[in-house]
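Engineer: If you want the building blocks of each chain, they are given just below.
There are 2 protein chains.
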Amino acid sequence: MIDGSILIGGSAIQRDVKFRAHEAASGEVIGPEYSEASQADVENACAKAAIASEPFGALEPALRAAFIDAVADQILAIGDELIEVAMAETGLPRTRLEGERGRTVGQLRMFAAEVRHGRWLDVTIDPAMPERVPPRADLRRMNIPLGPVAVFGASNFPLAFSVAGGDTASAFAAGCPVVVKGHPAHPGTGELIARAIRSAVQSCGLPEGVFSYLPGSTNGLGGALVADPRIKAVGFTGSRSGGLALVEIAHKRPEPIPVYAEMSSINPVVLMPAALAARAEALGAAFIGSLTLGAGQFCTNPGLVIALDGPDLDRFVASASAALAAAPPPVMLTPGIHAAFTAGVAALDGNAAAKRIGAGALFETTATQFIADRSLGHEVFGVSSLIVRCTDMNEIAQVIAELEGQLTATLQIDPADIGDAAPILSLLQAKVGRVLANGWPTGVEVTHAMVHGGPFPATSDGRTTSVGTLAMTRFLRPVCYQDLPDALLPPALQAANPWKLRRRVNGVQEPA
Amino acid sequence: MIDGSILIGGSAIQRDVKFRAHEAASGEVIGPEYSEASQADVENACAKAAIASEPFGALEPALRAAFIDAVADQILAIGDELIEVAMAETGLPRTRLEGERGRTVGQLRMFAAEVRHGRWLDVTIDPAMPERVPPRADLRRMNIPLGPVAVFGASNFPLAFSVAGGDTASAFAAGCPVVVKGHPAHPGTGELIARAIRSAVQSCGLPEGVFSYLPGSTNGLGGALVADPRIKAVGFTGSRSGGLALVEIAHKRPEPIPVYAEMSSINPVVLMPAALAARAEALGAAFIGSLTLGAGQFCTNPGLVIALDGPDLDRFVASASAALAAAPPPVMLTPGIHAAFTAGVAALDGNAAAKRIGAGALFETTATQFIADRSLGHEVFGVSSLIVRCTDMNEIAQVIAELEGQLTATLQIDPADIGDAAPILSLLQAKVGRVLANGWPTGVEVTHAMVHGGPFPATSDGRTTSVGTLAMTRFLRPVCYQDLPDALLPPALQAANPWKLRRRVNGVQEPA
Numbered sequence: 001m002i003d004g005s006i007l008i009g010g011s012a013i014q015r016d017v018k019f020r021a022h023e024a025a026s027g028e029v030i031g032p033e034y035s036e037a038s039q040a041d042v043e044n045a046c047a048k049a050a051i052a053s054e055p056f057g058a059l060e061p062a063l064r065a066a067f068i069d070a071v072a073d074q075i076l077a078i079g080d081e082l083i084e085v086a087m088a089e090t091g092l093p094r095t096r097l098e099g100e101r102g103r104t105v106g107q108l109r110m111f112a113a114e115v116r117h118g119r120w121l122d123v124t125i126d127p128a129m130p131e132r133v134p135p136r137a138d139l140r141r142m143n144i145p146l147g148p149v150a151v152f153g154a155s156n157f158p159l160a161f162s163v164a165g166g167d168t169a170s171a172f173a174a175g176c177p178v179v180v181k182g183h184p185a186h187p188g189t190g191e192l193i194a195r196a197i198r199s200a201v202q203s204c205g206l207p208e209g210v211f212s213y214l215p216g217s218t219n220g221l222g223g224a225l226v227a228d229p230r231i232k233a234v235g236f237t238g239s240r241s242g243g244l245a246l247v248e249i250a251h252k253r254p255e256p257i258p259v260y261a262e263m264s265s266i267n268p269v270v271l272m273p274a275a276l277a278a279r280a281e282a283l284g285a286a287f288i289g290s291l292t293l294g295a296g297q298f299c300t301n302p303g304l305v306i307a308l309d310g311p312d313l314d315r316f317v318a319s320a321s322a323a324l325a326a327a328p329p330p331v332m333l334t335p336g337i338h339a340a341f342t343a344g345v346a347a348l349d350g351n352a353a354a355k356r357i358g359a360g361a362l363f364e365t366t367a368t369q370f371i372a373d374r375s376l377g378h379e380v381f382g383v384s385s386l387i388v389r390c391t392d393m394n395e396i397a398q399v400i401a402e403l404e405g406q407l408t409a410t411l412q413i414d415p416a417d418i419g420d421a422a423p424i425l426s427l428l429q430a431k432v433g434r435v436l437a438n439g440w441p442t443g444v445e446v447t448h449a450m451v452h453g454g455p456f457p458a459t460s461d462g463r464t465t466s467v468g469t470l471a472m473t474r475f476l477r478p479v480c481y482q483d484l485p486d487a488l489l490p491p492a493l494q495a496a497n498p499w500k501l502r503r504r505v506n507g508v509q510e511p512a
Numbered sequence: 001m002i003d004g005s006i007l008i009g010g011s012a013i014q015r016d017v018k019f020r021a022h023e024a025a026s027g028e029v030i031g032p033e034y035s036e037a038s039q040a041d042v043e044n045a046c047a048k049a050a051i052a053s054e055p056f057g058a059l060e061p062a063l064r065a066a067f068i069d070a071v072a073d074q075i076l077a078i079g080d081e082l083i084e085v086a087m088a089e090t091g092l093p094r095t096r097l098e099g100e101r102g103r104t105v106g107q108l109r110m111f112a113a114e115v116r117h118g119r120w121l122d123v124t125i126d127p128a129m130p131e132r133v134p135p136r137a138d139l140r141r142m143n144i145p146l147g148p149v150a151v152f153g154a155s156n157f158p159l160a161f162s163v164a165g166g167d168t169a170s171a172f173a174a175g176c177p178v179v180v181k182g183h184p185a186h187p188g189t190g191e192l193i194a195r196a197i198r199s200a201v202q203s204c205g206l207p208e209g210v211f212s213y214l215p216g217s218t219n220g221l222g223g224a225l226v227a228d229p230r231i232k233a234v235g236f237t238g239s240r241s242g243g244l245a246l247v248e249i250a251h252k253r254p255e256p257i258p259v260y261a262e263m264s265s266i267n268p269v270v271l272m273p274a275a276l277a278a279r280a281e282a283l284g285a286a287f288i289g290s291l292t293l294g295a296g297q298f299c300t301n302p303g304l305v306i307a308l309d310g311p312d313l314d315r316f317v318a319s320a321s322a323a324l325a326a327a328p329p330p331v332m333l334t335p336g337i338h339a340a341f342t343a344g345v346a347a348l349d350g351n352a353a354a355k356r357i358g359a360g361a362l363f364e365t366t367a368t369q370f371i372a373d374r375s376l377g378h379e380v381f382g383v384s385s386l387i388v389r390c391t392d393m394n395e396i397a398q399v400i401a402e403l404e405g406q407l408t409a410t411l412q413i414d415p416a417d418i419g420d421a422a423p424i425l426s427l428l429q430a431k432v433g434r435v436l437a438n439g440w441p442t443g444v445e446v447t448h449a450m451v452h453g454g455p456f457p458a459t460s461d462g463r464t465t466s467v468g469t470l471a472m473t474r475f476l477r478p479v480c481y482q483d484l485p486d487a488l489l490p491p492a493l494q495a496a497n498p499w500k501l502r503r504r505v506n507g508v509q510e511p512a
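Chains as they are written, first to last, in the numbering used here: chain L, 1 to 512; chain F, 1 to 512.
For reference, chain L alone in the conformation it holds in the complex (with noise of 0.2 angstroms):
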């Protein structure tokens, strides 16, 4: 099934240039070769989503649901080869894939519901007041879609976090064509999603158009993607190199288009004192959980411990120390994620404000260091933290307002440190998309509540989220119709309103 080939809506194109994909854990050159896709494919697929895009986004509701359905039906339908394609291709375990596929079906699903819903429409109405003086013309507002979306997947998560992954699905939900590069750490599982949408797209009789899926190897491709004219948005996850690279090509463009690249983030975990006194090893042990996570290999890895210097920190010190010469060796997803990581390391090695702890990639630092050292706090993607000793609160406080915009942020905290850590949690409420409590920042809920985002850097636009409901709003745009006939108003602002939309009329929101 899997040939290898650029799928531009309906057709599967072969080009001379090839690439090819390695298994993660051998380094070995496992499945077909791949086609890079070309300048010219770029521009096929552009061409097709424009063509794609009215009709898709000014589809019913319940059509563009039923497509997001088919997608997830058709994900299920390739059965476990795409696990078994995924597993080589990353490293990752199966029961984390099988778990991941659930989670890219899931939020498909997810997001089918919340199209049918209606609420991303936010149909307001404020009707004409012709006895007014002057008269109040009728106002009618809904959200459109912005039009074709690039999307680009992240090599950590080749379920959920590429073809068909939040970005993907939050923009089909707000009715905008997809064209996705494909990330070349696993072409195989991406070819096989890719596969499995163009099914959706044809058994849903949608313009082909709708999607796209562009292998490749360069950074050349993805940036010729952001420059077409035709693309009007672009969804990233990844380094924060690429992501910046991205941002500055469609800053440039003739007409910029918003950029939702998620980057990097080393999200602080706060030891608040009485929970540190109470459960250090517990907590040193459950740290290592998290940070081992995936190979390390997550946006939501704790990177930073910020805690009172004491015998109490030095506890959890050594009970993460002990777990982390327990854990099994990571097995990396790239070669370039790999050398990345023993570079962050060796500079950590190498900086004399930083000490390594134990035998793994541990180390601390005290709050005057880690302030007077802004490299300190630089993202090492993979199995890494740095732990920083402070003196008193009013220290902890200061590493905190060093601290660039973050995923998240974690404070462990007992029934005593309530009062200690309300200002703390003011501090990082600032900083960060999600804060949490007596948890570990690893795993992501795909909910309505979740926020997967944050200030700058850990995004490009802080406004937003990648995961959750939420996130479809990043590809829409409200529009205004004034007076229009009923006859040439868009379904949802007819007068008749025929997809029972609960619509906000002079500023009452109808019932249910």
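There's no promise every hint is true.
Repeated chains share a single entry, so a pair holds when one copy, or any two copies, can fit it.
Claimed, not checked - Lysine to any residue pairs mimicking SDA-like chemistry, simulated, CA-CA at most 25 angstroms apart:
{"no.": "1", "residue 1": "Lys431", "residue 2": "Ala47"}
{"no.": "2", "residue 1": "Lys431", "residue 2": "Leu488"}
{"no.": "3", "residue 1": "Lys252", "residue 2": "His378"}
{"no.": "4", "residue 1": "Lys431", "residue 2": "Ile144"}
{"no.": "5", "residue 1": "Lys431", "residue 2": "Arg119"}
{"no.": "6", "residue 1": "Lys500", "residue 2": "Asp122"}
{"no.": "7", "residue 1": "Lys500", "residue 2": "His251"}
{"no.": "8", "residue 1": "Lys18", "residue 2": "Ala50"}
{"no.": "9", "residue 1": "Lys431", "residue 2": "Pro229"}
{"no.": "10", "residue 1": "Lys431", "residue 2": "Thr442"}
{"no.": "11", "residue 1": "Lys500", "residue 2": "Arg116"}
{"no.": "12", "residue 1": "Lys431", "residue 2": "Thr473"}
{"no.": "13", "residue 1": "Lys431", "residue 2": "Asn394"}
{"no.": "14", "residue 1": "Lys431", "residue 2": "Glu60"}
{"no.": "15", "residue 1": "Lys431", "residue 2": "Leu59"}
{"no.": "16", "residue 1": "Lys431", "residue 2": "Pro485"}
{"no.": "17", "residue 1": "Lys355", "residue 2": "Asn394"}
{"no.": "18", "residue 1": "Lys500", "residue 2": "Leu488"}
{"no.": "19", "residue 1": "Lys18", "residue 2": "Ala327"}
{"no.": "20", "residue 1": "Lys355", "residue 2": "Glu28"}
{"no.": "21", "residue 1": "Lys18", "residue 2": "Thr218"}
{"no.": "22", "residue 1": "Lys431", "residue 2": "Asp483"}
{"no.": "23", "residue 1": "Lys252", "residue 2": "Ser241"}
{"no.": "24", "residue 1": "Lys355", "residue 2": "Ala277"}
{"no.": "25", "residue 1": "Lys252", "residue 2": "Ser426"}
{"no.": "26", "residue 1": "Lys355", "residue 2": "Ala323"}
Keep in mind the hints are simulated off the structure, nothing from the lab.
Once you have looked at the hints, place chain F on chain L.
Structural biologist: Chain F only, in chain L's frame:
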């Protein structure tokens, strides 16, 4: 009462460097010497804003709403001095400015009501599922303010789009302190309003940094304000070059921030054939009524008319030309705006593709010429408009396809036009923030359904509006709280729901 001060929180400061105000009609110097705010003033204002940010952002909705209502009260309390000063500085007539004051005050009261309602918090709760495998955490999401906002008012609406205009009102509503860069074209008006806001801050017992006012005549002042790391978003209404300059500064900051710049638009009007045949003369006269409003200095000024060539369009042109000849001579806001207008008209006069009609700055061209020369689509701010003669509906569609993003598009339609209008509307919708039928684009209602925005370059961020209650969402971002003890949660998310908000729980909106 006006003494040319810089108002930083509660302090009134004078600087040695001064600038003067001019009467719009005569060009004569009026009012006191105005202090030019310095870099130190920017830093001081931003430092105070940063201190005010957390307490103002966390304020109970009823208290923040009371403050916004107090701003409206204080503006009314200025009395007729406000109107007199604004008339002199802008050349706008009394009725227009009294109307604009009413609009400004009404806008503040509408935001106050919206703040009280609490809808903007978008409280979303996905309760814990301890029995699930794995258990689901308790997830609670709400919007929080971005932090201090820099506001740049426009010269053409000295009240409604200036110191206490829509940007300031919506930023206050979102819970953001505001630092205004005062417009040098109406510094007396600006200072009166700034003093009114300051009185409201004081009477409500809010931190002084909630509002500061920096008058000045240089671009450097505005640039310094946008570059200050404590500023977290920017609202701007003005020229394309001014807006893009601020976008560039914001983009190059170590932490880039959103800029909501409302910049330029030529607001195409499509005269559909049946409408044109039925009421060519009336449409021509009404078109000039809209074009000459406020001396043509409206963002929504109809600068482009698109119609089928023929005798009906000739009748429209003759009627428009006669109405324009009969219109009173415009008083423009500033010498700079007048000079830009003169240059824009001279460029059209020098362009062989544009033919002047009659005595005023009314021009015509053909669809072929318009498509071949993009400069014909540039905004000429003032009483100037271009009529594009098309041979058939297909050419009308081609002209629309060539357009950049716009604030508005207008259709003049009769029932017989509806079939032809549907594809035209579909094309227009993709380019604009507001589509209207059988009206004129000047005049922007402040309501829930309004969109005063649109794709680039109408604005720098087409996902938003700068007018209407939706405008406050520009200054908010979502944060998720996971498993936080109730005592640490913001009131909006606490189990007891002390603010009596309607929340979305497990995907279901609570009834009113």
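Engineer: It remains to establish, for every hint, whether it holds in the given structure.
Structural biologist: Hints, one by one, checked against the model:
no. : hint            : in the structure
1   : Lys431 / Ala47  : between (40 angstroms within a copy, 18 angstroms between copies)
2   : Lys431 / Leu488 : between (45 angstroms within a copy, 17 angstroms between copies)
3   : Lys252 / His378 : between (27 angstroms within a copy, 20 angstroms between copies)
4   : Lys431 / Ile144 : between (31 angstroms within a copy, 12 angstroms between copies)
5   : Lys431 / Arg119 : between (29 angstroms within a copy, 24 angstroms between copies)
6   : Lys500 / Asp122 : both (13 angstroms within a copy, 22 angstroms between copies)
7   : Lys500 / His251 : neither (39 angstroms within a copy, 42 angstroms between copies)
8   : Lys18 / Ala50   : neither (27 angstroms within a copy, 54 angstroms between copies)
9   : Lys431 / Pro229 : between (34 angstroms within a copy, 14 angstroms between copies)
10  : Lys431 / Thr442 : within (18 angstroms within a copy, 41 angstroms between copies)
11  : Lys500 / Arg116 : within (10 angstroms within a copy, 28 angstroms between copies)
12  : Lys431 / Thr473 : both (22 angstroms within a copy, 19 angstroms between copies)
13  : Lys431 / Asn394 : within (17 angstroms within a copy, 52 angstroms between copies)
14  : Lys431 / Glu60  : between (39 angstroms within a copy, 22 angstroms between copies)
15  : Lys431 / Leu59  : between (38 angstroms within a copy, 19 angstroms between copies)
16  : Lys431 / Pro485 : between (47 angstroms within a copy, 20 angstroms between copies)
17  : Lys355 / Asn394 : within (23 angstroms within a copy, 71 angstroms between copies)
18  : Lys500 / Leu488 : within (18 angstroms within a copy, 39 angstroms between copies)
19  : Lys18 / Ala327  : neither (38 angstroms within a copy, 69 angstroms between copies)
20  : Lys355 / Glu28  : neither (36 angstroms within a copy, 70 angstroms between copies)
21  : Lys18 / Thr218  : within (11 angstroms within a copy, 56 angstroms between copies)
22  : Lys431 / Asp483 : between (44 angstroms within a copy, 18 angstroms between copies)
23  : Lys252 / Ser241 : both (17 angstroms within a copy, 15 angstroms between copies)
24  : Lys355 / Ala277 : within (23 angstroms within a copy, 83 angstroms between copies)
25  : Lys252 / Ser426 : neither (36 angstroms within a copy, 28 angstroms between copies)
26  : Lys355 / Ala323 : within (18 angstroms within a copy, 81 angstroms between copies)
The structure is inconsistent with the numbered hints 7, 8, 19, 20 and 25, although it conforms to all the rest.
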